[in-house]
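Can you build the whole structure from these sequences, using the hints too?
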Amino acid sequence: MITRFTARFLSLIGMFLGFTSEVLAQYGAPVYFFTVKGNVKDIECRNPVKNAKVKLVNRQTNTEYEARTDSLGNFTFIEESDFYSPEFLLKIEDADGKANGQFKTFESKAPLTSQRGYRFNEANDTIPPDIYLVEFVSGSNCGNTIDTLKEEPQKEPDPTNIIEEQDSTAILKENPGITPDAEEPFTSVNLYPNPNSGKFAVEFVATGSGNTIISIFDANGSLLHYSEMNIEAGANHIDLNMAMPAPGNYFCTLQNSLGRISKPFVVE
Numbered sequence: 036m037i038t039r040f041t042a043r044f045l046s047l048i049g050m051f052l053g054f055t056s057e058v059l060a061q062y063g064a065p066v067y068f069f070t071v072k073g074n075v076k077d078i079e080c081r082n083p084v085k086n087a088k089v090k091l092v093n094r095q096t097n098t099e100y101e102a103r104t105d106s107l108g109n110f111t112f113i114e115e116s117d118f119y120s121p122e123f124l125l126k127i128e129d130a131d132g133k134a135n136g137q138f139k140t141f142e143s144k145a146p147l148t149s150q151r152g153y154r155f156n157e158a159n160d161t162i163p164p165d166i167y168l169v170e171f172v173s174g175s176n177c178g179n180t181i182d183t184l185k186e187e188p189q190k191e192p193d194p195t196n197i198i199e200e201q202d203s204t205a206i207l208k209e210n211p212g213i214t215p216d217a218e219e220p221f222t223s224v225n226l227y228p229n230p231n232s233g234k235f236a237v238e239f240v241a242t243g244s245g246n247t248i249i250s251i252f253d254a255n256g257s258l259l260h261y262s263e264m265n266i267e268a269g270a271n272h273i274d275l276n277m278a279m280p281a282p283g284n285y286f287c288t289l290q291n292s293l294g295r296i297s298k299p300f301v302v303e
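Following this note's numbering, the numbering of the sequence shown begins with 36 at its first residue and continues without gaps.
Treat the hints with care, as some may be off.
[Said to hold, decoys possible] Listed next, the in silico BS3-like pairs over lysine-lysine satisfying Cα-Cα at most 30 Å (straight line):
id: 1; residue 1: K126; residue 2: K90
id: 2; residue 1: K90; residue 2: K76
id: 3; residue 1: K88; residue 2: K76
id: 4; residue 1: K126; residue 2: K76
id: 5; residue 1: K72; residue 2: K90
id: 6; residue 1: K88; residue 2: K126
id: 7; residue 1: K126; residue 2: K72
id: 8; residue 1: K72; residue 2: K88
Worth flagging that the hints you see were computed from the coordinates, not collected in a lab.
As structure tokens, then:
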């Protein structure tokens, strides 16, 4: 069993030698992730600001991460950690001007604190991600504050969103609650073959091309699979090299520069 100290030592040695996280994981060094979620509202604190440019800067390494808000003003970062106690600078810019409402450009240190902390999972080569939830509202009436909130409660997958086809394919239906004026970054998301086999692939149609993150989480938010790859616009079929999951509820998350979606599935 790898101790916490040994895990950190391997990660630091690998970082100085220039090894990727995938290479380090093969030698028993865990990969650290963090998740930052937030919401942006207009200057009157009532309407969400879509397509706002959000930048998260690691103040220790100057590493920058970028995201865009969706039609509900939400943004999400799921990134690999550079250090174990990073300090972040949060920047939010209105990319569309008056087209999506009045919005005040914001920049401030983000007082993000982990609600979970780092935990070593002996069954995997990765550590479940730290979850940060940041609520941001713009405008004098709202005080221009960033509040660190409690971790989001886990949502149980809706069994009506899953259709079994001859015990070989689990097809996830599109969520009817999606705002129609926002173009989804991914559609027609399928898991193939049935996740009960433990070896399955993800099929989806991408609105645009570019780097895409594919993540699998369990119902407790623990990260079970993480991969990044360049995809083409249109239909895609991605084979996942993932150990057989235990029976339970899971979420498959797809994320790129255009947005992020999460689809539930059940292993029986």
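Hints, one by one, checked against the model:
1. Restraint check for K126 and K90: satisfied, since their Cα atoms lie roughly 5 Å apart, inside the 30 Å limit.
2. Only pairs whose Cα atoms come within 30 Å are accepted, and K90 paired with K76 is accepted, the gap being roughly 16 Å.
3. Note on K88 and K76: the hinted pairing holds, with a Cα-Cα distance of about 13 Å set against a maximum of 30 Å.
4. Between K126 and K76, the direct Cα distance comes to roughly 14 Å. Compliance with the 30 Å bound is thereby established for this hinted pair.
5. With a C-alpha separation of about 12 Å, the suggested pair K72 and K90 falls inside the 30 Å cut-off, and the hint holds.
6. This hinted pair checks out: K88 and K126 have alpha carbons roughly 8 Å apart, not beyond 30 Å.
7. Under the criterion of a C-alpha separation no larger than 30 Å, the hint pairing K126 with K72 is consistent with the structure, at around 14 Å.
8. As the CA atoms of K72 and K88 are separated by approximately 14 Å, the hinted pair is consistent with the 30 Å bound.
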